[in-house]
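Engineer: Listed below, chain by chain, are the residues.
Number of protein chains: 2
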Amino acid sequence: MPAAPLRLGLAGLGTVGIGVVKIVQREAALIAARAGRPVVVTAVSARDPKKNRDADLSGYAWETDPVALATRPDVDVFVEVMGGHDGPAKAATEAAIAAGKDVVTANKALLAHHGQALALAAEAAGRTIRFEAAVAGGIPVIKALTEGLAGNRIKRVMGVMNGTCNYILTRMQSAGLPYETVFEEARQLGYLEADPNLDVGGIDAGHKLSLLSAIAFGTRVSFDAVELEGIGAVSIDDIRLAEQMGYRIKLLGVAQMTGRGLEQRMTPCLVPAASPLGQLQGGTNMVVLEGDSVGQIVLRGPGAGQGPTASAVMADVIDLARGCRVPAFGLPAAALAEPVPARSATPAPYYLRMRLLDKPGALAKIATCMGDAGISIDQMRQINQPGEADDDAIVLIVTHKASPADIAHAMAQFDRTGVLVGRPVAIRIEEI
Amino acid sequence: MPAAPLRLGLAGLGTVGIGVVKIVQREAALIAARAGRPVVVTAVSARDPKKNRDADLSGYAWETDPVALATRPDVDVFVEVMGGHDGPAKAATEAAIAAGKDVVTANKALLAHHGQALALAAEAAGRTIRFEAAVAGGIPVIKALTEGLAGNRIKRVMGVMNGTCNYILTRMQSAGLPYETVFEEARQLGYLEADPNLDVGGIDAGHKLSLLSAIAFGTRVSFDAVELEGIGAVSIDDIRLAEQMGYRIKLLGVAQMTGRGLEQRMTPCLVPAASPLGQLQGGTNMVVLEGDSVGQIVLRGPGAGQGPTASAVMADVIDLARGCRVPAFGLPAAALAEPVPARSATPAPYYLRMRLLDKPGALAKIATCMGDAGISIDQMRQINQPGEADDDAIVLIVTHKASPADIAHAMAQFDRTGVLVGRPVAIRIEEI
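In order, the protein sequence lines correspond to chains A and B. So for the first sequence, the working numbering puts the first residue at 1135; every next one is plus one. So for the second sequence, the working numbering puts the first residue at 1135; every next one is plus one.
Quick caveat, the hints were computed from the structure, so don't treat them as lab data. Everything numeric in this text was worked out from a predicted model, so none of it was measured. Do not rely on the hints blindly, as some may be mistaken.
When chains are identical, the list treats them as one kind, so a pair holds in a single copy or across two.
[Stated by the list, open to error] Heads up, simulated DMTMM-like pairs for lysine to aspartate or glutamate below, C-alpha to C-alpha not over 20 Å straight-line:
hint, residue 1, residue 2
1, Lys1156, Glu1424
2, Lys1156, Asp1426
3, Lys1224, Glu1257
4, Lys1289, Asp1426
5, Lys1535, Glu1565
6, Lys1289, Glu1161
7, Lys1499, Asp1372
8, Lys1224, Asp1199
9, Lys1185, Glu1361
10, Lys1499, Glu1565
11, Lys1493, Glu1161
12, Lys1493, Asp1371
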């Protein structure tokens, strides 16, 4: 007797939803063979049933209300690819769980805000929520972390997980264009979310980091504790000067458990130009996982788009069809610890850029401030740029490891020297 | 009531076996939480029970015969980290399956030669064989391919999967040393297998490729059909000259399904120096997976060593503890197709190096041979090296796409021109 099909209820018929439909239809035989049973869509929901879509949906039942879809008796798995961290996506996911369905979602915002409650509810119902598509698109990073590295104590997770930001930063560098110009290009290319701050403010990437962090450290999702800084203040000058020092600027997520608590940051950082993260161009994503036994694993791939995101959704669906039901965050939700956020980041080298009056003793005053703050200097370079005012000089400093507080202290002292022109810039250098 | 522990019988107490013991002991609580049940070692086997080993084995039952271990009633999963593709490893794995145990193995040679028979036997017994540790060490690539990309039709799999070969090639390049010197260094550093041909002959990496290929294309493991060429003939000259043309030489595995059948190669290839494969230094491994929906995924990490390999073994063990039992090659073994090997590789650009008599018309004769063979030239460079005989010149050619047969034909024609000094070299350029 052939095994019963796994029946999907698909909420959301945008790019990703249609991508899922295409794979289910095109690869029905392959998926049935791999999963050990057919995988079918039985019902779909979307706001506008009449909209013309790039797939044959005639065989599916239609619901306009995703909650109705989520609770249909002919649905085994509720696939949520609508988006939005409240409203219908949340209501429908809760309804699906209450009705005893497994959930597969691409919705990072929903999980970043409500992941703990949803995971608890799913487990109480003997079900799970899987979300491979929510982080780094097609890269199977949730699986790598939750399953592939399950024998490891995770030490650090890093990632470039917003393709739009990486596109903007690498385009600034390659074309020598300022942020505002490239931002506008990205908007016209359709790379930006309706609210661009989700991308360039680091919020979308911060959502993703908070999910990886929960799995890595066995803690409840705590997006509110992520230190967020977008890329809007990254200047073409710093991109260019960092390159001269052997670094590139990335919007880099870093999560690590330290003696002072859980550190989660999504901020512009310098990384070595020759490192895999430094080499990452355009919209591609990269996640670095560090475990005590395995060492460093680097995963690279497309972070968005119809095919990659639908591929990730299907991985979760096929897992469920195969009978693999792993807890959302790798541990039963009730066993996840309440994280203690680290109040400041671990010490790191910093890149400092400042403009000084070109007069005797200026550099010495800066060096003195550094020494007084207990910061030692690894490299220092003075650059007199052609076309700049004659009496100014740009000074670049790469420090040895220093705490953010020490850097802030030194920066405050710089202000008092009277040799500074404008505001100095400090960017963390993440050691890889 | 706490869930029953998953009981491991561990055959082999070398580096990897002891690594598994260390993780099981050190992370007992973490693993129990993640797996939903404790994971314990109940019994071990090794040839010499008296040998001093870097772990406390006093709590475990001892067997000197791995077959006896494999069939113990207090063993749920037989973990085989002995190695060897015949003899005790095979006998014990067969015995374990016959006794209804799941098997976790790091043994690529065993699976490359007997994977189909073992997978069939396991599935007949309602069990599975998992082998994350057999391919690319700590990189969770079997999981990524079998599960993470299960919604994809795989187009191509590539990989640098023998760390020793990559160490030798990158050391030759960075130090400017010939193969023989670096080979000897590697031997003294203990990087080489007892039979070095397993490494430098490409056999070990070929085993790994044949396993990935079976999963990727749903075909029976066919190691005998892998085109194998080791790195022994790679010269420092070609490494240096390829670099000048923007390429690096890697022992690269490539598997793809073409209209002419399944192509599996493990041969020295040129790859773009700036690509992730080109950037790979030292003993690190890299696997590139290409799917129709997901596009290109790149995985990078340590390919060997106690921690990474034990990490991979534990991933399989924790999957089994969680109740996830995926077929060895992603499909039921009986559904795997008998592959038709492609008789020759798909067309690709080639790098050609030859030494010509420095006399008028020499280059024209070579160009004519190329044209007659239907091969067009992308780049051609003549290099007169200082210190070389005055009447010789080195000519480098990068061709547009050509079939291996056309290249062989052109090379044969070169011989007849009378302008060639010594033998020309042709190396495939893999497009990435």
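Engineer: It remains to establish, for every hint, whether it holds in the given structure.
Structural biologist: Structure-based check of all given hints:
{"no.": "1", "hint": "Lys1156 - Glu1424", "verdict": "between (35 Å within a copy, 18 Å between copies)"}
{"no.": "2", "hint": "Lys1156 - Asp1426", "verdict": "between (40 Å within a copy, 12 Å between copies)"}
{"no.": "3", "hint": "Lys1224 - Glu1257", "verdict": "within (17 Å within a copy, 41 Å between copies)"}
{"no.": "4", "hint": "Lys1289 - Asp1426", "verdict": "within (7 Å within a copy, 34 Å between copies)"}
{"no.": "5", "hint": "Lys1535 - Glu1565", "verdict": "within (10 Å within a copy, 41 Å between copies)"}
{"no.": "6", "hint": "Lys1289 - Glu1161", "verdict": "between (38 Å within a copy, 14 Å between copies)"}
{"no.": "7", "hint": "Lys1499 - Asp1372", "verdict": "neither (23 Å within a copy, 53 Å between copies)"}
{"no.": "8", "hint": "Lys1224 - Asp1199", "verdict": "within (13 Å within a copy, 57 Å between copies)"}
{"no.": "9", "hint": "Lys1185 - Glu1361", "verdict": "neither (40 Å within a copy, 52 Å between copies)"}
{"no.": "10", "hint": "Lys1499 - Glu1565", "verdict": "neither (28 Å within a copy, 54 Å between copies)"}
{"no.": "11", "hint": "Lys1493 - Glu1161", "verdict": "neither (71 Å within a copy, 60 Å between copies)"}
{"no.": "12", "hint": "Lys1493 - Asp1371", "verdict": "neither (23 Å within a copy, 53 Å between copies)"}
Of the numbered hints listed earlier, those contradicted by the structure are 7, 9, 10, 11, 12.
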